[in-house]
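J.: Protein sequences, first through last, are from chains W, L, F and P. Each residue of the first sequence is one higher than the one before, counting from 333 in our numbering. Each residue of the second sequence is one higher than the one before, counting from 18 in our numbering. Each residue of the third sequence is one higher than the one before, counting from 833 in our numbering. Each residue of the fourth sequence is one higher than the one before, counting from 161 in our numbering.
A couple of the hints might just be wrong.
With a straight-line Cα cutoff of 20 Å, these simulated DMTMM-like cross-link-like pairs (lysine to aspartate or glutamate) come out [stated by the list, open to error]:
{"#": "1", "chain 1": "P", "residue 1": "Lys404", "chain 2": "P", "residue 2": "Glu188"}
{"#": "2", "chain 1": "P", "residue 1": "Lys450", "chain 2": "P", "residue 2": "Glu428"}
{"#": "3", "chain 1": "P", "residue 1": "Lys417", "chain 2": "P", "residue 2": "Glu217"}
{"#": "4", "chain 1": "P", "residue 1": "Lys236", "chain 2": "W", "residue 2": "Glu528"}
{"#": "5", "chain 1": "P", "residue 1": "Lys184", "chain 2": "P", "residue 2": "Asp434"}
{"#": "6", "chain 1": "F", "residue 1": "Lys1141", "chain 2": "L", "residue 2": "Asp369"}
{"#": "7", "chain 1": "P", "residue 1": "Lys236", "chain 2": "W", "residue 2": "Glu530"}
{"#": "8", "chain 1": "P", "residue 1": "Lys163", "chain 2": "P", "residue 2": "Glu188"}
{"#": "9", "chain 1": "P", "residue 1": "Lys454", "chain 2": "P", "residue 2": "Asp407"}
{"#": "10", "chain 1": "P", "residue 1": "Lys253", "chain 2": "W", "residue 2": "Asp513"}
{"#": "11", "chain 1": "P", "residue 1": "Lys236", "chain 2": "W", "residue 2": "Glu536"}
{"#": "12", "chain 1": "F", "residue 1": "Lys1141", "chain 2": "W", "residue 2": "Glu336"}
{"#": "13", "chain 1": "P", "residue 1": "Lys430", "chain 2": "P", "residue 2": "Asp344"}
{"#": "14", "chain 1": "P", "residue 1": "Lys163", "chain 2": "P", "residue 2": "Asp240"}
{"#": "15", "chain 1": "F", "residue 1": "Lys1141", "chain 2": "L", "residue 2": "Asp113"}
{"#": "16", "chain 1": "P", "residue 1": "Lys239", "chain 2": "W", "residue 2": "Glu336"}
{"#": "17", "chain 1": "P", "residue 1": "Lys253", "chain 2": "W", "residue 2": "Glu530"}
{"#": "18", "chain 1": "P", "residue 1": "Lys438", "chain 2": "P", "residue 2": "Asp240"}
{"#": "19", "chain 1": "L", "residue 1": "Lys220", "chain 2": "L", "residue 2": "Asp409"}
{"#": "20", "chain 1": "P", "residue 1": "Lys341", "chain 2": "F", "residue 2": "Asp968"}
{"#": "21", "chain 1": "P", "residue 1": "Lys461", "chain 2": "P", "residue 2": "Glu217"}
{"#": "22", "chain 1": "P", "residue 1": "Lys239", "chain 2": "W", "residue 2": "Glu536"}
{"#": "23", "chain 1": "P", "residue 1": "Lys282", "chain 2": "P", "residue 2": "Glu457"}
{"#": "24", "chain 1": "W", "residue 1": "Lys512", "chain 2": "P", "residue 2": "Glu457"}
Computed beta-carbon distance windows for the label pairs [stated by the list, open to error]:
{"#": "25", "chain 1": "L", "residue 1": "Val417", "chain 2": "W", "residue 2": "Glu451", "range": "58 to 64 Å"}
{"#": "26", "chain 1": "F", "residue 1": "Val1113", "chain 2": "P", "residue 2": "Gly401", "range": "35 to 41 Å"}
{"#": "27", "chain 1": "W", "residue 1": "Gly440", "chain 2": "L", "residue 2": "Arg394", "range": "47 to 53 Å"}
{"#": "28", "chain 1": "P", "residue 1": "Ser232", "chain 2": "F", "residue 2": "Leu988", "range": "53 to 59 Å"}
{"#": "29", "chain 1": "F", "residue 1": "Val1120", "chain 2": "W", "residue 2": "Thr561", "range": "47 to 53 Å"}
{"#": "30", "chain 1": "F", "residue 1": "Gly1077", "chain 2": "W", "residue 2": "Ala359", "range": "58 to 64 Å"}
{"#": "31", "chain 1": "W", "residue 1": "Asn662", "chain 2": "P", "residue 2": "Ser232", "range": "37 to 43 Å"}
{"#": "32", "chain 1": "F", "residue 1": "Val985", "chain 2": "W", "residue 2": "Ala359", "range": "38 to 44 Å"}
{"#": "33", "chain 1": "F", "residue 1": "Val992", "chain 2": "L", "residue 2": "Ala157", "range": "43 to 49 Å"}
{"#": "34", "chain 1": "L", "residue 1": "Arg466", "chain 2": "W", "residue 2": "Arg559", "range": "33 to 39 Å"}
{"#": "35", "chain 1": "P", "residue 1": "Gln410", "chain 2": "F", "residue 2": "Leu835", "range": "45 to 51 Å"}
{"#": "36", "chain 1": "W", "residue 1": "Pro510", "chain 2": "L", "residue 2": "Gly390", "range": "36 to 42 Å"}
{"#": "37", "chain 1": "W", "residue 1": "Glu451", "chain 2": "L", "residue 2": "Arg402", "range": "40 to 46 Å"}
{"#": "38", "chain 1": "L", "residue 1": "Thr336", "chain 2": "F", "residue 2": "Trp995", "range": "18 to 24 Å"}
Hint data in this document are derived by calculation from the structure and do not stem from the laboratory. Glycine residues also receive a C-beta, built at the ideal position from the N, C-alpha and C atoms.
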Amino acid sequence: MRLEARTSVSRLALFGAPFGAIVVTLAVCALLVAWAGAPVGRAYLLLLEGGFGSRFAWSETLTRATPLMLTGLAVAVAFRTRLFNIGAEGQLYLGALAAVAVGGQVDGGMPAWVTSLPEAAQMWVLFAAMVVAGMIAGALLLLVPALLKLRLGVDEVVTTLLLNFIVLLLVSMMLDGPMKDPLAMGWPQSVALVPELELARLMERSRVHSGLIGAMVLAVLVWAINRFTVFGLQMRAVGANARAAAFAGMPVARVTVLAALLSGALAGLAGVVEVAGRTGYLTLDISPGYGYAGVVIAMLAGLHPLGVVAASIFVAGVLVGADGMSRAVNVPNTIADVIVAVALISMLVATMLARYRVRFDRIRFDRGGRAG
Amino acid sequence: MSNSPPPVLRLTGITKRFGSLVANDDISLELHRGEVLALLGENGAGKSTLVNILFGHYVADAGTVEIDGAPLPPGQPRAALAAGIGMVHQHFTLADNLSVLDNILIGTESLWRWRQQRGAARARVQEIATRFGLAVDPQARVGALSVGERQRVEIIKALYRGARVLILDEPTAVLTPQEVDSLFGTLAQLIAEGLSVVFISHKLDEVMRVSHRVAVLRGGKLVSTGATSETNKAELAERMVGRRVEMPVRDESRARGEVVAMLDHVSVAANDDHGPLADVSLTLYAGEIVGIAGVSGNGQVALAELMSGIAAPSRGSVTLGGQPLAAVPQKWIAAGVARIPEDRHAQGTVGDLTLWENAITEQLGNRVFVRGGVIRRGAARAFTRDLIQRFDVRGGGAEVAARNLSGGNMQKLILGRALSVRGEQAPRLVVASQPTWGLDIGAVAYVRRQLLEAAARGAAVLLISEDLDELRALADRVAVIHSGHLTDARPTESWTLASLGLAMAGEGHDAIHDNDRMEAIDAA
Amino acid sequence: MELLDIISSAPFWVAVLRVGTPLIFGTLGVLLCERAGVLNLGIEGIMVAGAFTGWLAVYHGAPLWGGVAVAAGVGLMFGLLHGVLTVSLALSQHVAGLGVTMLATSLSYYAYRLGFASVSTPPTITPFAPMVWLADVPLIGPVLGAETALTLVALLLAPVLAWLLYRTPLGLAIRMVGENPAAAEGQGIRVAAVRIGAVMAGSALMAVGGAFLTTSAFNAFFFNMVNGRGWICVALVVFASWRPGRALLGAVLFAAFDALQLRLQQGGASLPGLPALPYQVYLMLPYVLSILALVLVARRAAYPQALMKPYRKGER
Amino acid sequence: QAKIKVAAVYTVPVEQQWVSRIHKALNEAKARGEIDYVFSESVSNADYERVVRQYAEQGSALILGESFAVESAARKVAKDYPKTAFLMGSSGKPQAPNFSVFDNYIQEPSYLTGMIAGGMTKTNHIGMVGGYAIPEVNRLMHAFMEGAREVNPKVKFTVSFIGSWFDPPKAKEAAFAMIDKGADVLYAERFGVSDAAKERGKLAIGNVINTQPQYPNTVVASALWNMEPTVAAALAKVKAGQFKNEDYGQYSLMKYKGAELAPLGTFESKVPADLMAKVRAKERAILDGKFTVKVVETEPKSTN
Ligand SMILES: Nc1ncnc2c1ncn2[C@@H]1O[C@H](COP(=O)(O)OP(=O)(O)OP(=O)(O)O)[C@@H](O)[C@H]1O
Ligand SMILES: Nc1ncnc2c1ncn2[C@@H]1O[C@H](COP(=O)(O)OP(=O)(O)OP(=O)(O)O)[C@@H](O)[C@H]1O
Ligand SMILES: [Mg+2]
Ligand SMILES: [Mg+2]
């Protein structure tokens, strides 16, 4: 069996591929749903409805998609530059930690350093400080593996992966210690953000918040950077062929470091947005693996920043819809994760098949035999 | 016909398409026992494609391959190997981190044995090596071998399996004249033992020397086959290209100008990419081409990287127009140094970027192309279209990814990028490293003309090349590099082929009439 | 000093080997995949699947070794999936790996929940017993005698794998496809077959590592019980520079830090020279030390040259 | 008579000790035909609010869960569905009009098991393994330690947290380490600890659930949490249409049979009679309200 690049990739195939993948996914998962003894047709209707079928469904899907967009962008930026950042999870947590460190107050009032400012500016300054702090925290966390890779050749897949564990323990330590909310009855959670910092809701009686807008704007921004700026060209060149980029006079180390900072900052921002948009304070389980999902999303999107938006909404919709469906037809709710996993794999396969043709060469056995 | 022995190898109606491109168009060929068949053709004519099909790397869209009259299943190198085909690829296929013996042994034993027969294998390798004069240490790590040694390993690989048909895809492209001679010696011996050879080369001298028959491909089609003895170089060249090719030579009356660059007792420390450069001095003048001869792996890379602003001297100084220059590529580019790297795929271009993006990669500080960090795409594209036209870069236009260019066209793109960017302000120094490696004669002629024109416009040119003909045709002065040391640059006419060869082997102290340099070499 | 007391006691080393066994299996599994040029981030999920299916088989009456075999078989299947995705279809190895982890994990949980819908305590099996017959052997007896047979298998696996890689034609083929697949193919090796085979075998080892958790270290299956052990193995392979002996050493060292960490933590404030640190600091210790170790060995790490590079026949 | 529609939303799998008690009580109510019971387990923090909302939308009359880490989200939903009864495991206060709270206030039997442990240890060394140092765990550990100290002032404790709720091999490893240090009675807050004790022939004390059937020669005594009284009280209120914001914490006390010292079972004859006499006396004092176990929620530390 071998792959052969197709001469021309038809638009139909490229855009049809995801739908083919979805069909395959539904077929595979139908077996699992049927195994649990649930009605398959109804289950899928419920899934669709739960993910995209109502205002509430959309609000939930978009809420779930917001942090995914940011971690997806973070991964896409890093992967483009061939920096395999598997550490968005840790960067997210550190960003969230920084956000509550800056914007959290036991009494809910403005922190002392802000109150000396004019009343009107206080909120904005504090908000900006919170966002910047979260982004810097995430950026610095990825800077370490990036520098280790550049200077000492330490594999960043491994270091970013390990840092996830370290950061989670660090957050646990902070929430148990200095940053613990004294009013949280001893439960390990941070003090709550100043209420003014919480992001505005986009819909009544829902959780969608303005972080969604922010994430989408950033996706467009990253796309524009990639496409129109020198830095974008440099990132792509360094990622595709660092040696040639260096020869042409590009500052490879600086570009890698900047890309790392950008990537880490985006993941850190995901943490800020979750705290400011959804929970209001930080706990140890604020992210159900958004960082790892970022890798999935970035790849589904083919590392394209705008694709990240679509992929996030798709994945979030499936998760939300399948979760609701599992409850309604009484199948174990891990079905949601199964569906996302199968969807990811079949999506990857489908886009591959849209670009490549699989050829099975006739194999004749009369002449084969062992060599030597 | 029916009573003559069947050909060892017969290709019938081979057709292979890559997308819309027809790389091989209905090609039929025969190879007889004890025969050397030369395959000629421009870059991209389809030579490698044809032999790759024959060996099973590629699968033909149509046509059959027969060995001794029996059909060969398509797409199976195992079957080709079993049928007695050995192939030395255009680009080495050796694992650098493994030993020579491992590279030879792989695939020759059943995978399910619980241990390797290394002792017996080593003895056999030694035997083949001595019999055919292919000296190489079986225990050595391939990554540590010179290019010539790797070539020998590739040939031993084929012989170890008892190949009866040997395919050599541009085996001499990177060899020294001495190594070429020894390779041809081995070939003669093999042919005498009944081996048949398919030999691919761009060097017509070699083709005339070793082959019995010549097949010429052009644009995927077989345009002629015939006995070597019944043709000549000029005719072959014309058939390959479809027109007469004029090889440009230097104008000996060209006068040299002021000093452009000076290397004063410069040393460069070895690193992963290159070996050391030891105490090298050289002066480059405007309007003059200085050639650096030498066997690859003797410090050429270090010298090229030094003069491209990549490597920094560990001792001594490099000055350009009297000013020292830090090892920062941008500064060298800004100072008017046009750089043509040795490896066009790995260093010269970024395959995933489009031609226009590649064309401006050296110009990201130029306000013509970049304003406030934003690329002026219109200007960049216009510039690239102009470059494509002036340098005759064929391959689909400014929006095509550079990886789709053939080697010759990629080289033209790099030349264009290096030589044409400044408009009125021509480059002061051109550093060209192996600029014609692997190019067909049409492209070679083109590149050489560009270098001569640059010199004629007043640039100093540093030409690092292993091709002695090229140096004799272009260089005003030639210096020889050997294990990091450089002889004085002497007028080209004062070198004989013999003295060059000796100097390249690092032995020709008599041939180097310069006591200062002698001491440097002795000290090493 | 207390530290010396700890590391010179037999029970400490018993703990080290017990903690280390799943890591040894996992690390050698990753090593085998990566030697063939394939990064396998599916390990975390494959360990979960191995832990679940190995336990499940025994729970349904299979002998313990039967459970291990079932786990290995499931590992082979997921290895085949990962192999087809990354080798035949040349998909990104990172993403395919994460996809396999997601799939194996969620499928295991799904199946477990279908099979055991309303249990209030996790059902248990009778796990492997310690190899008491070894207890009287001098020197190693006090340690190995307290371990189960799977630990012995893990310890023997390293030299076996080293022999395979460095002494057999198959091992050479595996290393070759990880170094230069084009060269291997030019010598008649079926690159895809060797790569997929290595990934499958490596995945089987990972699954057995998972099964150790449920049939040896413990006697029941829990959600999340693999708890990041797979990721550790990915790091250990780099630390080991892709050498089986060093992989064994690395896994044992990591386990030693982990076991030591538990003991230091329990020492509380009493440990001389150390203030009472939050327990998280101790939990961090093995990870921090892993990164430091990586930094130390990175310069010398000789990556398989074709690692993470998909090989498409007939393409350059 | 119509069944009450009850939904439960758990952040962990239903095998997890804490949640298993709620799950059990609700399943029993379902078996008795009193309720329709649906649940979601392993619901992540990020999804919690949505799941609760969906149950509320679907018309559940009573929703149970643990709102510890999602306090504000849970309370927000409750406000949006004032007709639905919310009964949440929480360290916080009830919230008008419909948000009630409960918690595993089983420090009383924990104290008693501590006494038994203190009396049973021969090495005067007790080991305690926990997942995370959260108040729900800490207060039981402190009560246990107090109880042990009452009967045995010389006893010392080794405490360690493994940083995971679901890593029995790791918990077992921590317990082994304690046994190596000389502990001969282990407080089994996590799965895995009793296994270590069993393998080494040491004793263990159960927590929240009774694991003696699985470890007949190891688990001496357990502090049981019974959710039945809490559930019964809440169902009664819902049925009567009188559910409001209340603290159901008291229903987890021994007085209401929300907590108890599990029967000694296999250890009936192995625990010294005079020790048991002291324990029983303390039990009575608690039931009579003459003795109150102190609630301490700080992180417990090893003693020396
Ligand atoms: N793997 C491939 N995918 C797509 N196109 C290919 C591939 N290999 C070769 N080609 C196409 O086939 C043509 C023939 O290429 P081939 O390598 O056979 O040329 P060649 O005659 O060997 O050239 P050279 O002298 O430079 O070695 C090329 O122009 C190229 O367009
Ligand atoms: N991946 C690819 N996809 C499509 N076409 C390709 C690909 N790789 C190579 N080609 C085609 O192969 C042709 C020749 O490529 P190749 O690199 O062999 O050039 P070349 O002339 O042989 O140069 P050199 O020998 O210096 O590498 C090009 O014209 C290009 O179109
Ligand atoms: Mg070529
Ligand atoms: Mg070729």
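J.: Taking the hints in turn, state whether each one holds.
T.: Verification of the supplied hints:
For the given pair, Lys404 of chain P sits about 24 Å from Glu188 of chain P by alpha-carbon distance, which is inconsistent with the 20 Å threshold. For a cut-off of 20 Å, the pair hint linking Lys450 of chain P to Glu428 of chain P is broken: about 26 Å separates their Cα positions. Proposed proximity of Lys417 of chain P and Glu217 of chain P is contradicted: the alpha carbons are some 34 Å apart, above 20 Å. Distance check on the hinted pair: Lys236 of chain P and Glu528 of chain W sit about 17 Å apart at the alpha-carbon level, within 20 Å; holds.
Straight-line distance between C-alpha atoms of Lys184 of chain P and Asp434 of chain P comes to about 35 Å, which puts the hinted pair past the 20 Å bound. At most 20 Å may separate the alpha-carbon atoms for a hinted pair to count; Lys1141 of chain F and Asp369 of chain L meet this at roughly 16 Å. Simply put, Lys236 of chain P and Glu530 of chain W have alpha-carbon atoms about 15 Å apart, close enough for the 20 Å limit, and the pair holds. For the suggested pair Lys163 of chain P and Glu188 of chain P, the alpha carbons sit about 14 Å apart, so the restraint of at most 20 Å is met.
The suggested pairing of Lys454 of chain P with Asp407 of chain P holds, with an alpha-carbon distance near 19 Å, which does not exceed 20 Å. Between Lys253 of chain P and Asp513 of chain W the CA atoms are separated by roughly 16 Å; this keeps the pair inside 20 Å, and the hint holds. Straight-line distance between C-alpha atoms of Lys236 of chain P and Glu536 of chain W comes to about 13 Å, which keeps the hinted pair within the 20 Å bound. About 17 Å separates the Cα atoms of Lys1141 of chain F and Glu336 of chain W, which keeps this hinted pair within 20 Å; it holds.
For the suggested pair Lys430 of chain P and Asp344 of chain P, the alpha carbons sit about 15 Å apart, so the restraint of at most 20 Å is met. Straight-line distance between C-alpha atoms of Lys163 of chain P and Asp240 of chain P comes to about 24 Å, which puts the hinted pair past the 20 Å bound. For the proposed pair Lys1141 of chain F and Asp113 of chain L, the alpha carbon gap of about 16 Å is at most 20 Å, so the pair holds. Of the pairs offered as hints, the one joining Lys239 of chain P and Glu336 of chain W is violated, with about 60 Å between alpha carbons and a cut-off of 20 Å exceeded.
Distance hint between Lys253 of chain P and Glu530 of chain W is unfulfilled; the C-alpha atoms sit about 23 Å from each other, more than 20 Å. For a cut-off of 20 Å, the pair hint linking Lys438 of chain P to Asp240 of chain P is broken: about 51 Å separates their Cα positions. For a cut-off of 20 Å, the pair hint linking Lys220 of chain L to Asp409 of chain L is broken: about 23 Å separates their Cα positions. Taking the CA atoms of Lys341 of chain P and Asp968 of chain F, the gap is near 23 Å; set against the 20 Å cutoff, the hint is violated.
A threshold of 20 Å between alpha carbons decides the hint, and for Lys461 of chain P with Glu217 of chain P the separation of about 45 Å lies outside it, so the pair is violated. Among the hinted pairs, Lys239 of chain P with Glu536 of chain W is consistent with the structure: their alpha-carbon atoms are about 14 Å apart, no more than 20 Å. Pair hint Lys282 of chain P plus Glu457 of chain P does not hold up; C-alpha atoms about 28 Å apart against a cutoff of 20 Å. For a cut-off of 20 Å, the pair hint linking Lys512 of chain W to Glu457 of chain P stands: about 13 Å separates their Cα positions.
Look at Val417 of chain L against Glu451 of chain W: about 59 Å separates their beta carbons, and that is inside 58 to 64 Å. Under the hint 35 to 41 Å, the C-beta atoms of Val1113 of chain F and Gly401 of chain P, about 53 Å apart, miss the expected range. A hinted range of 47 to 53 Å holds for the C-beta pair Gly440 of chain W and Arg394 of chain L, which are about 51 Å apart. The supplied range of 53 to 59 Å is met by Ser232 of chain P and Leu988 of chain F, whose beta-carbon atoms lie about 55 Å from each other.
Distance hint check for Val1120 of chain F and Thr561 of chain W: the Cβ-Cβ separation is about 37 Å, which falls outside the suggested range of 47 to 53 Å. Checked against the hint of 58 to 64 Å, the C-beta distance between Gly1077 of chain F and Ala359 of chain W comes to roughly 47 Å, which is inconsistent with it. Judged by the Cβ atoms, the range 37 to 43 Å given for Asn662 of chain W and Ser232 of chain P is violated: they are separated by roughly 30 Å. The hint said 38 to 44 Å for the Cβ distance between Val985 of chain F and Ala359 of chain W, and at roughly 39 Å that hint holds.
A C-beta distance of roughly 28 Å is found between Val992 of chain F and Ala157 of chain L, which places it outside the suggested range of 43 to 49 Å. A hinted range of 33 to 39 Å holds for the C-beta pair Arg466 of chain L and Arg559 of chain W, which are about 37 Å apart. At roughly 48 Å, the beta carbons of Gln410 of chain P and Leu835 of chain F sit within the given window of 45 to 51 Å. For the pair Pro510 of chain W and Gly390 of chain L, the beta carbons lie near 41 Å from each other, so the given range of 36 to 42 Å is met.
Here the CB-CB span from Glu451 of chain W to Arg402 of chain L is close to 59 Å, at odds with the stated 40 to 46 Å. Between Thr336 of chain L and Trp995 of chain F the beta carbon distance is about 59 Å. The supplied range of 18 to 24 Å is therefore violated.
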